[in-house]
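Residue strings, one per chain:
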Amino acid sequence: MFLQLVISGISFGSLYALVALAMVIIYKTSEVPNFGQGEMSMLSTFVAYALLVTHSHSFIFSFIGALLFAAALGIFLEFVFLRRAKDPNILSLILITLGFQMMLYGLASWKWGADQRDLPFPVSDFDVINLGTAVISYLNIATILITLVLMFMLFLFFKYTKVGIAMKATQQNVMAARINGIRTNRILSLTWAMSSMIGAVAGILLAPIATLDPNLMLDPLLKGFAAAVLGGMTTLVGAALGGYMLGVIENLFGGYISLEFKSVVAFGIIVLVLCFKPSGLFAKHYVRKV
Amino acid sequence: MALLEIKNIETFYTLIYALRGVSLTVEEGTITAILGNNGAGKSTILKTVMGLLDDQPDKGTIEFMGKRIDGKDPEVIVRMGISYVPEGREVFEELSVKENLLMGAYIRKDRAAIKKDFNQIYKYFPVLKEREEQWAGTLSGGEQQMLAIGRALMNRPKLLFLDEPSLGLSPILVKEIFEIIKTINQEGATILLVEQNARMALSISDIGLIIENGRFVMKGKSKELMEDKDVQEFYMGMRSEESAKGYQRWKRKKRWR
Chain A
2 MFLQLVISGI SFGSLYALVA LAMVIIYKTS EVPNFGQGEM SMLSTFVAYA
52 LLVTHSHSFI FSFIGALLFA AALGIFLEFV FLRRAKDPNI LSLILITLGF
102 QMMLYGLASW KWGADQRDLP FPVSDFDVIN LGTAVISYLN IATILITLVL
152 MFMLFLFFKY TKVGIAMKAT QQNVMAARIN GIRTNRILSL TWAMSSMIGA
202 VAGILLAPIA TLDPNLMLDP LLKGFAAAVL GGMTTLVGAA LGGYMLGVIE
252 NLFGGYISLE FKSVVAFGII VLVLCFKPSG LFAKHYVRKV
Chain B
227 MALLEIKNIE TFYTLIYALR GVSLTVEEGT ITAILGNNGA GKSTILKTVM
277 GLLDDQPDKG TIEFMGKRID GKDPEVIVRM GISYVPEGRE VFEELSVKEN
327 LLMGAYIRKD RAAIKKDFNQ IYKYFPVLKE REEQWAGTLS GGEQQMLAIG
377 RALMNRPKLL FLDEPSLGLS PILVKEIFEI IKTINQEGAT ILLVEQNARM
427 ALSISDIGLI IENGRFVMKG KSKELMEDKD VQEFYMGMRS EESAKGYQRW
477 KRKKRWR
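Read top to bottom, the protein sequences are chains A and B.
Residue 2 is where the first sequence starts when you use the numbering used here, and the numbers rise one by one after that.
Residue 227 is where the second sequence starts when you use the numbering used here, and the numbers rise one by one after that.
Read the hints as simulated data drawn from the structure, not as lab findings.
As the structure is a prediction and not an experimental result, all values here were calculated from the model.
Ideal Cβ placement from N, Cα and C applies to all residues, glycine included.
Wrong hints could be hidden among the right ones.
[Said to hold, decoys possible] Using C-beta positions, here's what the derived DEER-type ranges look like: (1) A:Lys160 - B:Thr364: 16 to 22 Å; (2) B:Gly297 - A:Ser110: 41 to 47 Å; (3) A:Met154 - B:Lys342: 30 to 36 Å; (4) A:Phe262 - B:Lys341: 55 to 61 Å; (5) A:Arg84 - B:Glu254: 44 to 50 Å; (6) A:Ser93 - B:Gly297: 26 to 32 Å; (7) B:Leu393 - A:Leu99: 51 to 57 Å; (8) B:Met462 - A:Phe82: 50 to 56 Å; (9) B:Glu356 - A:Lys263: 48 to 54 Å; (10) B:Glu254 - A:Arg187: 30 to 36 Å.
[Stated by the list, open to error] Taking lysine to aspartate or glutamate and the DMTMM-like style, the derived pairs with C-alpha atoms no more than 20 Å apart in a straight line are: (11) B:Lys349 - B:Glu359; (12) B:Lys408 - B:Glu359; (13) B:Lys355 - B:Asp281; (14) A:Lys29 - B:Glu320; (15) A:Lys169 - B:Glu359; (16) A:Lys163 - B:Asp281.
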């Protein structure tokens with residue numbers, strides 16, 4: 002039973018890790034936790050659904066279409082709403098992202114209604130591989146693998162590409178980035194596009210396990226946020242590890258202690274982390290010498 | 227033709243009238259030094275020219291190689307060939323030294339030449355080579371200053387702005403950095419230098435200007451300025467002769483007030 006709980010914990014944790022990554026990428030550039038993240042990926046998942054079921058395109062086509070939509074949505078929201086904010090402080094930016102959340106939630110409810118739908122996924126949740134005392138479904142394997150590949154791509158992007166390094170530079174010092182000729186506004190658009198796409202992948206991987214309705218990402222968003230706080234809002238690696246840890250801890254708690262209170266774990270963790278190590282477990286932030 | 231021509235610019239920080247009509251020409255191949263006390267407006271000139279202050283200059287024009295650049299974004303101005311070493315270094319603290327230098331060459335595409343310039347920078351500042359893989363935030367103040375200068379040079383500027391390169395450095399390091407500035411100039415870059423350390427700045431520059439309360443009050447060849455009694459007393463800390471009685475009943479007055 003322990004192994005089983007850990008395996009499905011890792012699978013759920015992958016999704017939390019993706020949501021956490023999406024949040025951290027935006028947090029590092031715009032310095033705002035994007036509470037519209039969940040609804041952005043929910044809407045992208047609905048676009049995948051519309052392409053796949055309503056217009057009966059192939060899965061790959063719908064997947065790519067949803068990703069492109071997600072990128073466009075991220076750029077649009079940042080450009081049209083966030084960038085217009087005059088002399089923004091953190092609180093007003095957070096309120097704007099809450100605005101996205103309500104707006105997109107309303108949009109999805111209006112277009113697709115509150116019906117629970119099923120997103121047909123090419124990999125089955127019921128076919129399993131036996132691992133002795135535990136089983137792992139193909140869907141779980143796919144989720145874990147896709148997440149790992151995505152993270153590896155992100156790692157390569159931030160480590161070796163010029164744009165990736167410029168993105169880190171912008172996150173650290175906007176003025177210095179500008180005087181080196183980095184077009185920081187474009188970098189900002191790019192971060193929103195990337196983050197939105199990562200969120201969309203999480204949504205599409207989640208939809209076959211949960212049911213597709215406008216509430217799809219409500220819970221995962223909060224969990225992803227908890228994971229980011231746990232690992233550290235300023236580190237990508239930390240956020241990803243936080244996601245996995247949260248998934249496993251939550252599942253073990255649900256298995257051994259109380260299934261009803263499973264969801265409370267995430268919030269308990271937020272409280273504990275904020276009490277004892279507010280910067281997160283894995284944050285190794287450079288502290289400026291005075 | 228002058229490389230940079232600033233005509234009568236006025237800059238405000240919301241309600242503070244920081245530059246009150248400043249005109250300045252920088253000739254190609256020279257080192258020009260701007261001296262002045264805290265808050266006189268030295269750095270503001272550089273920031274205004276770089277386009278870092280939104281909607282400034284309020285009045286006046288700035289021309290670089292015959293083209294108007296006032297009101298343009300820093301991203302555009304950098305691409306025209308001006309590099310800026312900001313006050314307080316402003317390196318990317320959580321990027322390695324190498325990545326910092328790479329960002330300096332962000333706008334360039336010529337890979338082979340970039341590699342050559344890396345070696346050139348490491349020749350100027352050998353310590354950066356040793357610390358290549360370290361986070362810039364872990365460097366000492368002097369090393370960060372070297373990195374900031376190196377980063378600005380990576381863009382092969384025609385005109386280099388240096389904002390207080392001596393800030394917070396030990397006298398030996400200051401000397402070292404100024405010698406390198408001199409070398410950089412001899413190898414072709416025009417330099418506009420803003421400094422509080424008047425003695426050091428005048429010793430390497432060709433032309434010196436003195437700014438007070440947002441206006442230039444003096445301009446001249448650096449050698450001549452160094453010999454000027456006012457400059458010596460007010461900016462280089464030399465005292466005029468004491469009187470025979472052992473105390474002074476008069477104070478030297480600045481000419482420009």
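Against the structure, the hints come out as follows:
Checking the proposed 16 to 22 Å range against A:Lys160 and B:Thr364 shows it holds: the Cβ atoms sit about 19 Å from each other. Between B:Gly297 and A:Ser110 the C-beta distance comes to about 46 Å, which sits within the given range of 41 to 47 Å. The hint said 30 to 36 Å for the Cβ distance between A:Met154 and B:Lys342, and at roughly 32 Å that hint holds. At about 59 Å, the beta-carbon gap between A:Phe262 and B:Lys341 stays in the expected band of 55 to 61 Å.
Remark: the range hint 44 to 50 Å for A:Arg84 to B:Glu254 is contradicted by a beta-carbon distance near 39 Å. At about 28 Å, the beta-carbon gap between A:Ser93 and B:Gly297 stays in the expected band of 26 to 32 Å. In this structure the supplied range 51 to 57 Å is violated for B:Leu393 paired with A:Leu99, their Cβ-Cβ distance being about 43 Å. At about 55 Å, the CB distance of B:Met462 to A:Phe82 agrees with the hint of 50 to 56 Å.
For the hinted restraint 48 to 54 Å between B:Glu356 and A:Lys263, the CB-CB distance of approximately 53 Å keeps it satisfied. The hinted window of 30 to 36 Å between B:Glu254 and A:Arg187 holds, with their beta carbons roughly 33 Å apart. Between B:Lys349 and B:Glu359 the CA atoms are separated by roughly 17 Å; this keeps the pair inside 20 Å, and the hint holds. Note on B:Lys408 and B:Glu359: the hinted pairing is violated, with a Cα-Cα distance of about 28 Å set against a maximum of 20 Å.
With a CA separation close to 40 Å, the supplied pair B:Lys355 and B:Asp281 exceeds the 20 Å bound. Among the hinted pairs, A:Lys29 with B:Glu320 is consistent with the structure: their alpha-carbon atoms are about 13 Å apart, no more than 20 Å. Proposed proximity of A:Lys169 and B:Glu359 is supported: the alpha carbons are some 16 Å apart, at most 20 Å. Restraint check for A:Lys163 and B:Asp281: the C-alpha separation of about 30 Å exceeds 20 Å, so the hint is violated.
In summary, the structure is inconsistent with hints 5, 7, 12, 13, 16 from the numbered list given earlier, while agreeing with the others.
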